[in-house]
Amino acid sequence: MSLAAKEKWRKRVVALLRTVLLIGIAYVILLPLIYRLSTALMSIEDLYDQSVRWIPRNPTLRNFRLVWEHMEYPRAFMRSLFLTALTSALQLITCSMVGYGLARFRFPGSKLIFGLAIFTLIIPPQLIMTPTYLSFRFFDFLGLLKGRSLNLIGTYWPFILMSLTGTGFRCGLYIFIMRQFFRGMPKELEEAAYIDGAGPFAAFWRVMIPGAVPGLITTFLFSFVWQWNDYLYVTTFMAGRNFLPQALEGAASRVAKAIDEADALASTSGFLDDHFYSLINNAGMLLVILPLLILYVFLQRYFVESVERTGIVG
Amino acid sequence: MAFAHRQKLVGFLFTVPFLVGFIFLFAVPFYQAVVISFSDLVLTPETFELQWKGWANYGYALQVHPEFSKTFTEVLVKLATELPMIIGFSFFAATILNSDFRGRTFVRTLFFLPVILSAGVVLKMEMKDYAQIMVTHLQQSAPFFGGAAVQSFFDAARFPAGMVDYVVDAIQALPTVIRASGVQILIFLAGLQSIPREVYEAASVEGATGWERFWLITFPMMGPLILVNIIYTIIDSFTAMNNKLVDLIRETMLRGAGYGVSMAMAMIYFAAIGLVLLAVFGLLSRRGFYHV
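Line by line, the protein sequences give chains A and B.
Residue numbers for the first sequence follow my numbering, so the first one is 1 and each next one is one higher.
Residue numbers for the second sequence follow my numbering, so the first one is 1 and each next one is one higher.
Everything labelled a hint here was simulated from the structure, so no lab data went into it.
Please note that a few of the clues may not be correct.
Here are the computed lysine-lysine pairs in the BS3-like style, where the Cα-Cα straight-line distance is at most 25 Å [unchecked claim]: (1) B:K244 - B:K8; (2) B:K244 - B:K78; (3) A:K111 - B:K8; (4) A:K187 - B:K53.
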């Protein structure tokens, strides 16, 4: 066999191996999603029937209807959307400012501040959750309201305050991303602005921010996704209120209760067990991640290409 | 001089919001968490009170609590086994994605999907979900990830039992590993793409084989990113809602032995993670890797 032919065969084998491997990995990644969809579409009989796998025999939208109703989905959705958009926007403002300050200015302690931002990342948020909860439960403006305190639990204030001060969920990471991004931008941009007589804040706002749009979008999207998926902060600071995580968590038992009240036979016939909960939960989980899925389909390049463009690696 | 002075002040002003947040919403709560872990916390309608208990909470968590020690070891062992696998897999996947083939963009998008979909509340719901248990079962019983075939092969080849167990465990953990590798793959991929083509070309001209190019160019260039990915993986593992220890800490606070014990548990966990990070840092920096 000639050398060229050999090389050609080698390439084909490599391509084949790669394809097999990638299909295997894709299978692992997509399986839970497909299984979830198929479960959510099943009727309870299908779930019990061992011969039914993957494709529901009696496909039904009943689970979705039930969970939609009992999660109070539209309202919970709007609440979560508002909270997520608010936190992400505030985090974006603060983290880009701090990132810029760390990227372009050298002052005593600037390295320390950068170190502290990274430090906030490696401390599990659960560790300081209790004291943070208490400080918002008995909020006294750092002791200014002597004796009397405000209860900020159940309001948006904990989220606003944490986002504005760059201490929200994974804010350290966003500071890091924005710092790296600003460092990669040419210095001439600001110098030109300074020569035109702009002050540093004007230069930041008018020159740097417009130039950093890709980095800002990336940071916003990451922050949005993680805030949307967040369970810890929402259930702690919004305890007892119906945001998507709480709605999802309580949905199955509420559905079961409603069915039980409507039809006393259902509870005795063994329908309201783990299997039934699973149908409802899977439908609910799909409803919670669906907005993110849609977002991802349209904006995936901002997530995927971001890591290269923001120069996290640099 | 005046300009330089002013610039310093401006830089500081930009970072002030974070500094304020760090002090009042991070450092102070952190200090309080330490205090609470040594105390009994009693909630009253108007405020809360702390009663000093010394090391009692730690003693309770480690010696009396029925599950803590077990879950603690379990979670650390899980991290120790999965960490090398996640790093290895994401490096491997990044190398594949770095080569040119049709559908590369699509595959890259797919690999990142778990980052979007399996976080927080969904992960938490999955822990107890019947259908999810079925998926896990399905994946582990599938020939590709079964481990049964591997088991019998290794048994026939008379490998030491401990090694066989590790390999079988590793294969069964693959789905978890793949799903936890999204961000790491991208970081490695970005690193691979930042290595200038000329370096490889020069090496080829000098007669370096593919194997040598990998070990002498690619691998050393990726050193700092390995550290970044290790840190990211560890952070990701303790913020993941399917972390059993995190769940236990939360349950203890809300329905169990109370705030003090819960905080003591969190402190023990944090100390362990801190030690792991220090060890990783020490090991890698001594071998000539550098940090971003």
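Here's how the hints hold up against the structure:
Only pairs whose Cα atoms come within 25 Å are accepted, and B:K244 paired with B:K8 is rejected, the gap being roughly 46 Å. With a C-alpha separation of about 11 Å, the suggested pair B:K244 and B:K78 falls inside the 25 Å cut-off, and the hint holds. At roughly 13 Å between alpha-carbon atoms, A:K111 and B:K8 fall within 25 Å of each other, so this suggested pair holds. Between A:K187 and B:K53 the CA atoms are separated by roughly 56 Å; this puts the pair beyond 25 Å, and the hint is violated.
In this structure, the earlier hints numbered 1 and 4 are contradicted, and the remaining ones agree with it.
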